[in-house]
Amino acid sequence: MSQTVQERGIISHADRKRSVIRYGLPAIQVLLFIGVFIAGVGPLLWLLKSGLSTSQDILRGPMQLWPSGIQWANLPNAWTRVQIGSYLGNTAIIAIGSLVSTLFVCTTGAFVLSVLRPKWGPIVTGAVLATLFLPGVISLVPLYLTILKMPVLGVNLQNTFWAVWLPQAAGAFNILVMKRYFDSIPRELIEAARIDGASNLRLFTSLVLPLSKPILGVVALLTVIGSWKDYLWPLLVLPDPRLQPISVALPRVQETTEISLQMSALFLAVLVPVVLFLVFQKQFLRGVGMSGGIKE
Amino acid sequence: MASLQRAPRSRRSIKTWYHSGGLSSIVFVLPLLLTFLYFSWGPIVRGLVLSFQKNNLVTAPEWVGMANFSYVLTDPQLPQAAVNTLYFALLALIFGFPVPLFLAVFISELRSTGWLYNVISYLPAVVPPVAAILLWKFFYDPSGTGVFNAILGWFGLGPFAWLNSPSLAMPAIVLEATWAGAGATSIIYLAALTGVRTELYEAAELDGAGIWSRVWHVTLPQIRGIILIMMLLQLIGTFQVFTEPFLFTGGGPDNATTTILLLIYRYAFINGDFGAATALSVLLAGVLCVLSVVYHLLTRPWSTT
Chain A
1 MSQTVQERGI ISHADRKRSV IRYGLPAIQV LLFIGVFIAG VGPLLWLLKS
51 GLSTSQDILR GPMQLWPSGI QWANLPNAWT RVQIGSYLGN TAIIAIGSLV
101 STLFVCTTGA FVLSVLRPKW GPIVTGAVLA TLFLPGVISL VPLYLTILKM
151 PVLGVNLQNT FWAVWLPQAA GAFNILVMKR YFDSIPRELI EAARIDGASN
201 LRLFTSLVLP LSKPILGVVA LLTVIGSWKD YLWPLLVLPD PRLQPISVAL
251 PRVQETTEIS LQMSALFLAV LVPVVLFLVF QKQFLRGVGM SGGIKE
Chain B
1 MASLQRAPRS RRSIKTWYHS GGLSSIVFVL PLLLTFLYFS WGPIVRGLVL
51 SFQKNNLVTA PEWVGMANFS YVLTDPQLPQ AAVNTLYFAL LALIFGFPVP
101 LFLAVFISEL RSTGWLYNVI SYLPAVVPPV AAILLWKFFY DPSGTGVFNA
151 ILGWFGLGPF AWLNSPSLAM PAIVLEATWA GAGATSIIYL AALTGVRTEL
201 YEAAELDGAG IWSRVWHVTL PQIRGIILIM MLLQLIGTFQ VFTEPFLFTG
251 GGPDNATTTI LLLIYRYAFI NGDFGAATAL SVLLAGVLCV LSVVYHLLTR
301 PWSTT
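Residue numbers (full-length UniProt numbering), protein chains in the order written: chain A, 1 to 296; chain B, 1 to 305.
So here's chain A without its partners, still in its complex pose (with noise of 0.2 angstroms):
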């Protein structure tokens, strides 16, 4: 191991060489690993496992190693018969609009907030970040009713896409997030930019946008988290089947379908995002992170 460059941690050069250390370290990593393999990719495994077999087998052997034969049929099955393919297109199309929606709200309220400033402006922070230390809870029955009948407007959006992107953007925690993030660009480069004649249009999409990239990637990957684990409120606001995400459509279908199905059904459902998970690990890892800090 080449130590001389890195930085050290709680366990010094020294303690790595005392025996206890040299030989107990990597023991418990191996035995960690194990744990953690166990518990992390162990299930995984196992619904692959599965999601081939026949429903004798699953439920008979479920803990054998190797399924009497390998039915590939299981996933095109589970694919047309189940429709997945449309569910997770559904849950996409719920987490597209969702994040559009929020980056689109949570921006444009920051650019105000933080960068024209208005009068007005400090009260409409407060209001905000008043429904920040309010659980979520007390307004889950009043937000139903508001998409049965949208007052004012009088229009019914349940079973439209619109009731789960809408009330998604009304987050105080990503306004005051992004408003910040957009607080510490340095105002120079906004006088700079009004002296130069920018409009406020051009002020917000040339030279705020831009600069904030990084938290807008954290914002839209926790906007894309937040709806994927969403349950209930989809489930509320969206009864007609041909609409419902994934997570509400796999309880309901499970009652109706073959062991074996279900399990190739929850297959297809986990490979989706661990695939995606996998490939962008980094970016989503250093999100996920990063939202630690903002919290803080």
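FYI, nobody ran anything at the bench for these hints, they're computed from the structure.
A hint or two may mislead.
With the Cβ distance kept under 10 angstroms, some of the chain A side facing chain B (calculated, not the full set) [stated by the list, open to error]:
| id | residue |
| --- | --- |
| 1 | G109 |
| 2 | V124 |
| 3 | S139 |
| 4 | I175 |
| 5 | L189 |
| 6 | A192 |
Computed footprint of chain B on chain A; a stretch qualifies when at least three of its residues, placed anywhere within it, have a C-beta under 8 angstroms from a C-beta of chain B [what the hints assert, rightly or not]:
| id | segment |
| --- | --- |
| 7 | 47-60 |
| 8 | 75-89 |
| 9 | 142-148 |
| 10 | 154-165 |
For clarity, every value in this text was computed on a predicted model and none was experimentally measured.
Quick reminder that beta carbons are idealized off the backbone N, C-alpha and C, glycines included.
We have chain A; now place chain B onto it with these hints.
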């Protein structure tokens, strides 16, 4: 629009207002104002109003004073649900709090292979929660050939009834929730750990501190800010748990896993009693606000800021 009509009379001030960006401020803030009015401020106010009304969407709402609150507070299911919610929060804290912290401190010590642990331990968080719950529900099959029972059978244990047993159901749910959440939390701790000042380890070592006491006295105090916040966020989250008990057990067996949010769901979307549902929501929100304030006051001596 009104400003356009008034324009001829006070053109000058409107003009300066326009040139100083007044109009574009309003245009830019409109999306925020509208979404918050409709989906945040509006529902919060409406929730407070609804909790004092009788509302079933069919007949016109009528004011009933504190009737909803007294109905909710005297519901025989409430004490059980409150105890279950507290039990879930407590178990989640015991299982779910140390695991990611330990994982993060350990991973931060691994220079070359740390990323691999990171990726693998984050995998469960990527699995859609509903898919994970359905999978675990199958793992918890109470028969002897269920996955967990089969594994425990190798060691001569079980079979356990898991979700069908009133005493095991809640721990089983928390175990799954911990599995699903540990990766994401440990990534956040890990990011905080990169900011730990390493020269302090040197000093601690010179003072004769062993590895454990270095972790306890140097590492953890330096990330205590994020630890305290994650703990509060976890508490607030677990008090509002819904998906896991709803999909695993639906509140059973014998109401052993009925949480407050499940009760709210039943009031609103099964009984159609929106007044009672919002009254209970307001009560829960009040409890959580008090909890946050008390937590903040209690932890202030240790907090970094």
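Results of checking the hints against the structure:
1. G109: Because about 3 angstroms separates A:G109 from the closest Cβ in chain B, which is inside the 10 angstroms limit, the hint holds.
2. V124: holds (7 angstroms)
3. S139: Constraint on A:S139 satisfied, holds at 4 angstroms.
4. I175: Because about 7 angstroms separates A:I175 from the closest Cβ in chain B, which is inside the 10 angstroms limit, the hint holds.
5. L189: Hint violated; A:L189 Cβ to chain B Cβ min 17 angstroms, cut 10 angstroms.
6. A192: violated (16 angstroms)
7. 47-60: holds (count 3)
8. 75-89: violated (count 0)
9. 142-148: holds (count 6)
10. 154-165: violated (count 0)
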